[in-house]
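Given the sequences, and given the hints that come with them, work out the whole structure.
Sequences listed follow chains X and C, in order. Using the working numbering, the first residue of the first sequence is number 1, and each one after it goes up by one. Using the working numbering, the first residue of the second sequence is number 1, and each one after it goes up by one.
Hints are not guaranteed to be accurate.
[As the list claims (entries may be wrong)] Below, computed lysine to any residue pairings styled on SDA-like, alpha-carbon distance capped at 20 Å:
| # | chain 1 | residue 1 | chain 2 | residue 2 |
| --- | --- | --- | --- | --- |
| 1 | X | K80 | C | E118 |
| 2 | X | K35 | C | A54 |
| 3 | X | K96 | X | V16 |
| 4 | X | K35 | C | Q34 |
| 5 | X | K35 | C | L31 |
| 6 | X | K80 | C | Q116 |
| 7 | C | K148 | X | V16 |
| 8 | X | K202 | C | V117 |
| 9 | X | K35 | C | V57 |
| 10 | X | K202 | C | E47 |
| 11 | X | K202 | C | L104 |
| 12 | X | K202 | C | S105 |
| 13 | X | K35 | C | L30 |
| 14 | X | K35 | C | G52 |
FYI, nobody ran anything at the bench for these hints, they're computed from the structure.
Residue-level listing of the chains:
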Amino acid sequence: MAKNQPGKDNFTRNLVIGVVVGVLLIMVVPTLISKQTNTSAKIPASVSADRGYGIVFNGELSGVPVIDIYEDFQCPVCAKFEGVQGDYIESLISAKKATVVYHTLSFLGPESVNAANAAACAADEGEFLSFHRSLYANQPAENTGVWSNDVLVVLGQATGIDSKKFASCVNNMDYKDWVSNAATAGAQANVNSTPTVFIDGKEIDRQTEYYDVIKFKSAVERG
Amino acid sequence: MIKSLHSKYGAWLGLISRLIVGGVLLAAGLLKFQQLDKSQMAVRAYELLPIGFANVVGIILPYAEIAMGVLLIIGAALRIIGGLSALLMIAFTIGIAQAWARGLSIDCGCFGGGGQVEPGTANYLPEILRDCGLALLSIYLFLFPQSKFGLDKTTTSGERDNG
Numbered sequence: 001m002a003k004n005q006p007g008k009d010n011f012t013r014n015l016v017i018g019v020v021v022g023v024l025l026i027m028v029v030p031t032l033i034s035k036q037t038n039t040s041a042k043i044p045a046s047v048s049a050d051r052g053y054g055i056v057f058n059g060e061l062s063g064v065p066v067i068d069i070y071e072d073f074q075c076p077v078c079a080k081f082e083g084v085q086g087d088y089i090e091s092l093i094s095a096k097k098a099t100v101v102y103h104t105l106s107f108l109g110p111e112s113v114n115a116a117n118a119a120a121c122a123a124d125e126g127e128f129l130s131f132h133r134s135l136y137a138n139q140p141a142e143n144t145g146v147w148s149n150d151v152l153v154v155l156g157q158a159t160g161i162d163s164k165k166f167a168s169c170v171n172n173m174d175y176k177d178w179v180s181n182a183a184t185a186g187a188q189a190n191v192n193s194t195p196t197v198f199i200d201g202k203e204i205d206r207q208t209e210y211y212d213v214i215k216f217k218s219a220v221e222r223g
Numbered sequence: 001m002i003k004s005l006h007s008k009y010g011a012w013l014g015l016i017s018r019l020i021v022g023g024v025l026l027a028a029g030l031l032k033f034q035q036l037d038k039s040q041m042a043v044r045a046y047e048l049l050p051i052g053f054a055n056v057v058g059i060i061l062p063y064a065e066i067a068m069g070v071l072l073i074i075g076a077a078l079r080i081i082g083g084l085s086a087l088l089m090i091a092f093t094i095g096i097a098q099a100w101a102r103g104l105s106i107d108c109g110c111f112g113g114g115g116q117v118e119p120g121t122a123n124y125l126p127e128i129l130r131d132c133g134l135a136l137l138s139i140y141l142f143l144f145p146q147s148k149f150g151l152d153k154t155t156t157s158g159e160r161d162n163g
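Next up, the structure:
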């Protein structure tokens with residue numbers, strides 16, 4: 001236990017330990033705070049905080065099944081789900097036969113955040129569903145830099161959204177805090193993969209019902 | 001015989017253990033750090049902790065792994081970090097083993113990623129073996145926290161002097 005070089009070695013060591021632990025503590029605290037729901041976040045008109053910050057269609061109906069869809073626009077399996085079930089779900093919305101809530105998660109990376117923000121901007125223009133469709137139809141590989149805000153504006157224009165308001169909403173990331181709230185709500189709802197679909201609060205069967213038109217339809221009608 | 005071999009080469013074994021465990025922790029922490037939402041998802045998918053607590057663990061874990069990895073690589077506070085890392089690896093092993101036993105289909109989320117996966121695609125055995133190996137190296141560091149080229153004092157003599 002003798003100290004050969006009194007003080008010196010242990011001072012350096014303790015300093016290094018202090019710096020490493022200190023820096024990481026300073027970083028973790030704001031991160032934990034940023035994951036809290038930000039109640040002052042700007043949210044699109046069609047979003048309901050009570051429904052997990054999802055974009056709601058037919059929220060006023062009662063006695064119809066409620067379909068909650070958790071998705072990430074960059075997730076290839078979500079594009080597959082959209083391809084198989086998208087038409088049916090949109091027909092339920094237009095026929096007012098179900099309440100549909102889209103939860104746009106963003107765990108795959110910054111381009112998911114861009115896409116979710118742009119989708120919320122499209123929702124303000126009444127074009128969420130068509131933009132949703134365009135995103136999946138033009139889905140690039142994950143985080144390859146394709147979905148910059150500029151590209152998303154162009155994609156919106158190609159979908160028929162050509163207002164200046166949409167472009168500035170996308171470029172300014174107006175709904176960034178809302179995207180974060182939606183992610184937090186998804187975490188609180190214990191959603192552990194995308195797509196995840198709940199019908200009346202219960203997840204449908206992952207092995208059989210997601211990618212089968214007939215089985216999905218009967219799951220919806222079962223309610 | 002073993003004792004004399006250990007006093008001769010133990011510090012080198014300490015160095016190797018330190019670099020392996022530290023390197024793995026640092027890599028795992030950095031990969032998770034880039035996708036904290038997914039890290040939270042990975043912890044939830046073990047269905048072991050209450051959801052709110054799992055979400056906090058999912059954020060803190062990457063930071064803790066980075067801190068432990070850095071300290072192991074530079075060789076500071078080896079006994080404490082070795083002990084913590086052994087406990088962490090044992091916790092990971094229990095988590096993976098219970099997921100396997102309960103028939104969950106999840107990505108272990110060890111190096112980023114995580115969450116549910118297609119049934120039948122999860123492969124738990126190699127992950128359990130890896131974590132057991134890392135646990136053994138960590139326990140070694142806890143028991144013999146002296147190693148070559150470390151920042152802790154008396155890093156090369158066989159004597160222990162650690163905080």
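Verification of the supplied hints:
1. Distance restraint check for K80 (chain X) and E118 (chain C): the Cα-Cα separation of roughly 14 Å lies within the 20 Å cut-off, and the hinted pair is therefore satisfied.
2. The hinted pair formed by K35 (chain X) and A54 (chain C) meets the criterion: a straight-line CA distance of about 13 Å does not exceed 20 Å.
3. Distance hint between K96 (chain X) and V16 (chain X) is unfulfilled; the C-alpha atoms sit about 63 Å from each other, more than 20 Å.
4. Between K35 (chain X) and Q34 (chain C) the alpha-carbon distance is near 15 Å, which keeps this suggested pair within the 20 Å criterion.
5. The suggested pairing of K35 (chain X) with L31 (chain C) holds, with an alpha-carbon distance near 19 Å, which does not exceed 20 Å.
6. Proximity of K80 (chain X) to Q116 (chain C) is assessed by CA-CA distance (about 17 Å); at most 20 Å being required, the pair is judged to hold.
7. Annotation: proposed proximity of K148 (chain C) to V16 (chain X) holds, straight-line Cα distance about 18 Å (limit 20 Å).
8. Among the hinted pairs, K202 (chain X) with V117 (chain C) is consistent with the structure: their alpha-carbon atoms are about 19 Å apart, no more than 20 Å.
9. Taking the CA atoms of K35 (chain X) and V57 (chain C), the gap is about 12 Å. The hint holds against a cut of 20 Å.
10. Proposed proximity of K202 (chain X) and E47 (chain C) is supported: the alpha carbons are some 17 Å apart, at most 20 Å.
11. Restraint check for K202 (chain X) and L104 (chain C): the C-alpha separation of about 18 Å stays at or below 20 Å, so the hint holds.
12. The straight-line distance between the Cα atoms of K202 (chain X) and S105 (chain C) is roughly 19 Å, inside the 20 Å bound, and the hint therefore holds.
13. In summary, the hint linking K35 (chain X) to L30 (chain C) is supported, as the alpha carbons are separated by about 19 Å, within the 20 Å threshold.
14. About 11 Å separates the Cα atoms of K35 (chain X) and G52 (chain C), which keeps this hinted pair within 20 Å; it holds.
Against the hints set out earlier in the document, a violation occurs for number 3 only.
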